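Protein chains: 2
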Amino acid sequence: MKLFVIGVGLIGGSFCKDIKQTMPDTIIYGIDSNEKHLDSALKIGFIDRPSTIEELGLADVVIISIPVTTTVTLLPQVLDRIQDTALVMDVGSTKQEICQSIATHDKRRNFLAIHPIAGTEFSGPEAAVDTLFFGKTNIICEVEKTAFKLQERAMKIFTALGMRIRYMDPVSHDKHIAYVSHLSHISSFMLGKTVIQKEKNEKDIFDMAGSGFASTVRLAKSSPAMWGPIFQQNKENVIESLSEYINNLSHFKSLLQNDDFEGLHKEMEDINHIKLILNGIEA
Amino acid sequence: MKLFVIGVGLIGGSFCKDIKQTMPDTIIYGIDSNEKHLDSALKIGFIDRPSTIEELGLADVVIISIPVTTTVTLLPQVLDRIQDTALVMDVGSTKQEICQSIATHDKRRNFLAIHPIAGTEFSGPEAAVDTLFFGKTNIICEVEKTAFKLQERAMKIFTALGMRIRYMDPVSHDKHIAYVSHLSHISSFMLGKTVIQKEKNEKDIFDMAGSGFASTVRLAKSSPAMWGPIFQQNKENVIESLSEYINNLSHFKSLLQNDDFEGLHKEMEDINHIKLILNGIEA
Chain Y
132 MKLFVIGVGL IGGSFCKDIK QTMPDTIIYG IDSNEKHLDS ALKIGFIDRP
182 STIEELGLAD VVIISIPVTT TVTLLPQVLD RIQDTALVMD VGSTKQEICQ
232 SIATHDKRRN FLAIHPIAGT EFSGPEAAVD TLFFGKTNII CEVEKTAFKL
282 QERAMKIFTA LGMRIRYMDP VSHDKHIAYV SHLSHISSFM LGKTVIQKEK
332 NEKDIFDMAG SGFASTVRLA KSSPAMWGPI FQQNKENVIE SLSEYINNLS
382 HFKSLLQNDD FEGLHKEMED INHIKLILNG IEA
Chain G
132 MKLFVIGVGL IGGSFCKDIK QTMPDTIIYG IDSNEKHLDS ALKIGFIDRP
182 STIEELGLAD VVIISIPVTT TVTLLPQVLD RIQDTALVMD VGSTKQEICQ
232 SIATHDKRRN FLAIHPIAGT EFSGPEAAVD TLFFGKTNII CEVEKTAFKL
282 QERAMKIFTA LGMRIRYMDP VSHDKHIAYV SHLSHISSFM LGKTVIQKEK
332 NEKDIFDMAG SGFASTVRLA KSSPAMWGPI FQQNKENVIE SLSEYINNLS
382 HFKSLLQNDD FEGLHKEMED INHIKLILNG IEA
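Chains Y and G are the protein sequences, given in the same order. For what it's worth, the numbering used here labels the leading residue of the first sequence as 132, then goes sequentially. For what it's worth, the numbering used here labels the leading residue of the second sequence as 132, then goes sequentially.
Next up, chain Y with everything else stripped away, as it sits in the complex:
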């Protein structure tokens, strides 16, 4: 199999690593606008050769793992260049605009929209890790619009990587993911900002931070190049989730201001049952 990976960062690179491991006769071509990343990917060894979009005609499978606003521009061009039997997948954290961008493309049936719910707060080729996707959920959108044989080819890869599959339409995907992923990133970035602002006036505040703070602020290390476009493309849903979050925080604040400590206790107790819900998701 000839696999082209466009974007050799955390997600693209982790795909390569696992595919190399589980499907050893795959030749992996890497494409990236960042020459240094391409060099690193080659040096680390998860791609076999650097390539360009001019060579996409050779591909059996193409994985696109770049900022989602760039995917919208690039995806139609990728479909233009591939052979009729090739499979193209994007792994972006938004699905609606991406699916729209090729809705009427001649090669729509060559495309499969996926979102593996996996990652870390790090980015770039050095951030790529083995078995990142093992046991993780992979959301597939508009599966019915992809040629059946190419669905099968994709499933072989997902099975080899140990992914759990869920099907969803792009509108629902973008709505729900705003709550369980995009909002977490904003809450974390803004928590980081709030504490950094304080630190400017009060030195050594971070010396008092423990594992709880580190855990809630971890995602504030995430790549702005990747997350800016996600917030942009999922703007309406993100604003909705953010508004509800701000309302909840303001309500908590007013309980505190009104000395309603019973109310506070009740709030926290109700939320505590998230313990049960989170069973099986690792932090």
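Because the hints were derived from the structure by calculation, they are not lab data. The structure displayed is predicted, hence computed values, not measured ones. Mixed in with the good hints there might be a few duds.
If chains are identical, the list can't say which one is meant, so a pair holds when it fits in one copy or spans any two.
In silico DSSO-like links for lysine-lysine, alpha-carbon gap of 27 angstroms or less [to be verified]:
#1 K352 with K366
#2 K331 with K397
#3 K306 with K276
#4 K167 with K151
#5 K133 with K174
#6 K331 with K366
#7 K406 with K267
#8 K329 with K238
#9 K287 with K276
#10 K384 with K329
#11 K384 with K331
#12 K397 with K352
#13 K352 with K406
#14 K384 with K151
#15 K352 with K174
#16 K352 with K306
#17 K287 with K267
#18 K366 with K151
#19 K174 with K238
#20 K167 with K406
#21 K238 with K280
#22 K329 with K406
#23 K174 with K406
#24 K267 with K151
Dock chain G against the given chain Y, drawing on the hints supplied.
The following block gives chain G in isolation, referenced to the frame of chain Y:
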């Protein structure tokens, strides 16, 4: 050494475990208003015998690890009952009201106010773990008000447990800890609430949650019995930090509403340097 631990939960229990390990000739007496917890502590084996405050006259060292509003009531009574040579420490996450509660007590010099920055989102005796405090910061307040010999006794324990020591006045402690600990817990609880509310209408949303969400929402599992009193006692500082957090979230939202994606990118990039700041704090 005869050690009395009042409150045999996560923190009290973890102290017992490490002290048993590093100072094996210690006899540990457990006091708790919850009989079941006392039974568990005895069964797990980190206390040697259940006790009551009537026996506090036997103690060489007393560690108080209970909700901070209860500490304020109980601490003067504990000091009333101990012998002149005993050391009493509380481990609460707030320090100002606790220090005030015994400021003029005859046995003020028998008391040392500490806050070990260590813990997990779990609670109760079963949550107690070995080496919880190893390498962790322990903030000591008003050290100059504690008898020198008793400071030495405390330091022996802290050294045995591998703690890093920092000194701070209670007002600064409560101000700073609101930002790096108390606010994290609220952000996490309210994130959990926002997603649970959404889940009520949109089923299976949690199936889409990954490690990022789990990490930011982890603290929403924390004990309301412990955290309600902390927010209550540190009300003013918590409200201040919460207000700044809400302002930052609202600003982020307005950047998004105004399509100021360059502004968003710049925000995230500036906050990204938290990577460097967080070096050494484990999530």
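_Hint by hint, where does the structure go against what was stated? Just the numbers, ascending._
8, 14, 18 and 19
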